[in-house]
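Next come the chains, spelled out residue by residue.
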Amino acid sequence: MSPTLIGIIGIIIMVIIFMSRMPVAYVMAMVGYIGFSIMISGKGGLNLLSRNIYDVFSSYGLTTIPLFVLMGQLAFNSGISHRLYNTGYKWLGSIRGGLAMATVSACTAFGAVCGSSPATAATMATVGLPEMKRYNYADQLATGSVASGGGLGMIMPPSVVLIVYGILTEQSIGALFVAGIFPAILVTILFIISIYIKCSLAPEQGPPGEKFPLKEKIKSFLGMGETLAVFILVMGGLFIGLFTPTEAAAVGAFGVLFVSIIRRQLTWEAFVNALYETLGTSCMVMMLIAGAVVFGKFLAVTRIPFDIATWVGGFDLPPFIIMAIIVFIYFIGGCFMDALAFVTLTVPIFFPVVMALGYDPIWFGIIIVMVTEMGVITPPVGINVYVVFGVARRVIGEVPLESIFKGIIPFLLAVIAGVIILMIFPQIILLLPNLMY
Amino acid sequence: MFWKTIDWILEKLKIIGAACLVGMTFLTCADVVGRLFLYPIFGSVEIVAFMATLSVAMALPYTHKIRGHVGVEILVRLLSVRTQAIIDICTGILSLCLFGIVTWRMTKYAHTMHKAGELSMNLELPEYVVIYITAFCLFIFILIILQDILNNIKKLKEK
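Each protein sequence line maps, in turn, to chains A and B.
Going by this note's numbering, the first residue of the first sequence is number 1, and it counts up by one from there.
Going by this note's numbering, the first residue of the second sequence is number 1, and it counts up by one from there.
By construction, these hints were calculated from the structure, which means they are not laboratory data.
It is possible that some hints are incorrect.
Now the stretches of chain A that chain B is said to cover, found in silico as 3 or more residues with beta-carbon under 8 Å [stated by the list, open to error]:
(1) 60 to 71
(2) 366 to 372
Cβ-Cβ distance ranges computed for the label pairs, FRET-style [stated by the list, open to error]:
(3) A:Ser200 x B:Lys12: 37 to 47 Å
(4) A:Gly42 x B:Ile74: 53 to 63 Å
(5) B:Lys12 x A:Gly314: 35 to 45 Å
(6) A:Glu210 x B:Glu73: 40 to 50 Å
(7) B:Ile66 x A:Arg394: 13 to 23 Å
(8) B:Ala30 x A:Ile197: 48 to 58 Å
(9) A:Phe425 x B:Lys12: 47 to 57 Å
(10) B:Ile66 x A:Ile16: 20 to 30 Å
(11) B:Gly43 x A:Glu210: 26 to 36 Å
(12) A:Ala417 x B:Asn122: 43 to 53 Å
(13) B:Ala116 x A:Met436: 35 to 45 Å
Beta carbons are placed, not taken as given, at the ideal position from N, Cα and C, and that holds for glycine.
This is chain A alone, in the form it adopts within the complex (with noise of 0.2 Å):
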């Protein structure tokens, strides 16, 4: 049998396999596990599987992401997504469909120093859903915009996809995630865009709030002051190359629970509780990993990701026709699957094709990201949705999921504007960056 038969047959087995809901992670390991053994010999099967899992944990590089993790969680456990919200709220409350946009704006800022996008989504859905039904915004609106901004925390870095991904195809972290920041800004123009869009033909989706005076605006700034802090200090010390990633992720962490605590948001329980979670969290990206790692070894032998790509390379077909089908399998894929884990079984069989193809590895890192992060919004996974839905029960009665899954669908068409903007204007993605190194 030759090498490429068995790595699509490695392939089959593992996507059959996936479907008993079997962790992914077990599943890359396992079929990596059994397909490195016959190809190469069953004792190099055994070395690779202790050896990588271990070489995954204990690698100094990928301790960034318990600590990144650990950042978001302490900022989801203290009050800082109220302050966001309430900046956003006394600038945009007063006019049509001002809620929803003060709550995207506000998932992007949290976003900022929390890299999770269910985190993100159930910490501003807490927060906007009862003030937006206070207003008498249209359900769909409201739990629509929660939704869909909580994506927003994964494009806007910190990101763990993007630390994953960085990692998995050797780009620089810092690079990836100033490269973040304006495809984030980007979207959540967009996604306030959509939303006057939408209040404009249908007033009653989200009439206009209370008018604050430009005063209050103004220190309504004040309650943005430590997420911005803690951002820029990230950001600037990664920028600049004060910080490696690892150290930037400590900083971040540290200076949330130090904010947290200065401003006594933080009780102990909680504190516990982002332990915990964060271990949780932690655990499940680096066994993705390791599972990633056995798996990208088994399909490394088969030699299937450079076939795929010599032979995608033959096609007489334009680069961005190729990269548009490529975008449209992260697609699917996204709306079946995990994100994260999408990107850590796919990436090392569509890395070198996009790069045989010339495009650049930050811009399809970006665009991997955005494409799946659609995923979280978008049937029958949409983790969000299922997300703001349970939070919606609790804070303002139940939701039907027809209606939240109505309500994404502006936001689903503003992301995809987004991709193809980003697409057609690689420089949006690629300006921070160029100007980093």
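Guided by the hints, dock chain B onto chain A, whose structure is given.
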């Protein structure tokens, strides 16, 4: 009694893992501050990497127990509870075999490192100790997988 002891160990591992997390954060920050004053902490990178290894390894049983790993649920959710339990038993056995092998090889790896007298580069710490602890955490992890399988078998019998 046996499973209560395992759960107790799982809780303790979780607490030590969380402590390692706090330790990593403070040590890295102290190193950054020390570096600003030209007094970096020697070997901090090694200690942080060891603490990170321990925190992830110690979180393994806990993460499995709380079903913290990502899986594709869409198809299985459509099946009956009984069929779901059967599928979970099968995947549990596969996981048990996989991590049984990982535990065995990790212990062997620690033993090889121990025999070779390998020490860390800067502080000359015995890395094999960390590998042995990782192997122990993996052992508790496979017991938690086993517990999961037994619970599913029980569920199946009750139906």
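(message) Against the range 43 to 53 Å, how does the distance between the Cβ atoms of Ala417 (chain A) and Asn122 (chain B) compare: consistent or not?
(response) holds, 51 Å
(request) Verify the coverage statement for the segment 366 to 372 of chain A against chain B, using a C-beta to C-beta distance below 8 Å and requiring 3 or more qualifying residues. (result) That given contact is violated, which follows from only 0 residues of the segment 366 to 372 of chain A lying within Cβ reach (below 8 Å) of chain B.
(message) I want to verify a distance hint. Is the separation of the beta carbons of Lys12 (chain B) and Gly314 (chain A) within 35 to 45 Å?
(response) violated, 57 Å
(message) The hint says 40 to 50 Å between Glu210 (chain A) and Glu73 (chain B); measuring C-beta to C-beta, is that right?
(response) holds, 42 Å
(request) For the range 48 to 58 Å, tell me whether the beta carbons of Ala30 (chain B) and Ile197 (chain A) fit it or not. (result) holds, 51 Å
(request) Given the hint of 35 to 45 Å, check if Ala116 (chain B) and Met436 (chain A) actually sit that far apart at their C-beta atoms. (result) Holds - the Cβ-Cβ distance for Ala116 (chain B) and Met436 (chain A), about 42 Å, lies within 35 to 45 Å.
(message) I want to verify a distance hint. Is the separation of the beta carbons of Ile66 (chain B) and Arg394 (chain A) within 13 to 23 Å?
(response) Holds - the Cβ-Cβ distance for Ile66 (chain B) and Arg394 (chain A), about 20 Å, lies within 13 to 23 Å.
(message) Taking 53 to 63 Å as the stated bounds, is the beta-carbon spacing between Gly42 (chain A) and Ile74 (chain B) within them?
(response) At 35 Å between Cβs, range violated.
(message) A range of 26 to 36 Å was offered for this pair. Does it hold for the Cβ distance of Gly43 (chain B) and Glu210 (chain A)?
(response) Distance hint for Gly43 (chain B), Glu210 (chain A) is violated at roughly 57 Å.
(request) Return holds or violated for the Cβ distance of Ser200 (chain A) and Lys12 (chain B) against the range 37 to 47 Å. (result) Once the Cβ atoms are compared, 58 Å apart, the range 37 to 47 Å for Lys12 (chain B) and Ser200 (chain A) is violated.
(message) Range first: 20 to 30 Å. Now tell me if the beta carbons of Ile66 (chain B) and Ile16 (chain A) are that far apart.
(response) With a Cβ separation near 26 Å, Ile66 (chain B) and Ile16 (chain A) satisfy 20 to 30 Å, so the hint holds.
(request) Given the range 47 to 57 Å, decide if the beta-carbon distance of Phe425 (chain A) to Lys12 (chain B) lies inside it. (result) Taking Cβ atoms as reference, Phe425 (chain A) and Lys12 (chain B) lie about 54 Å apart, which means the hint holds.
The earlier numbered hints that this structure contradicts are 2, 3, 4, 5, 11.
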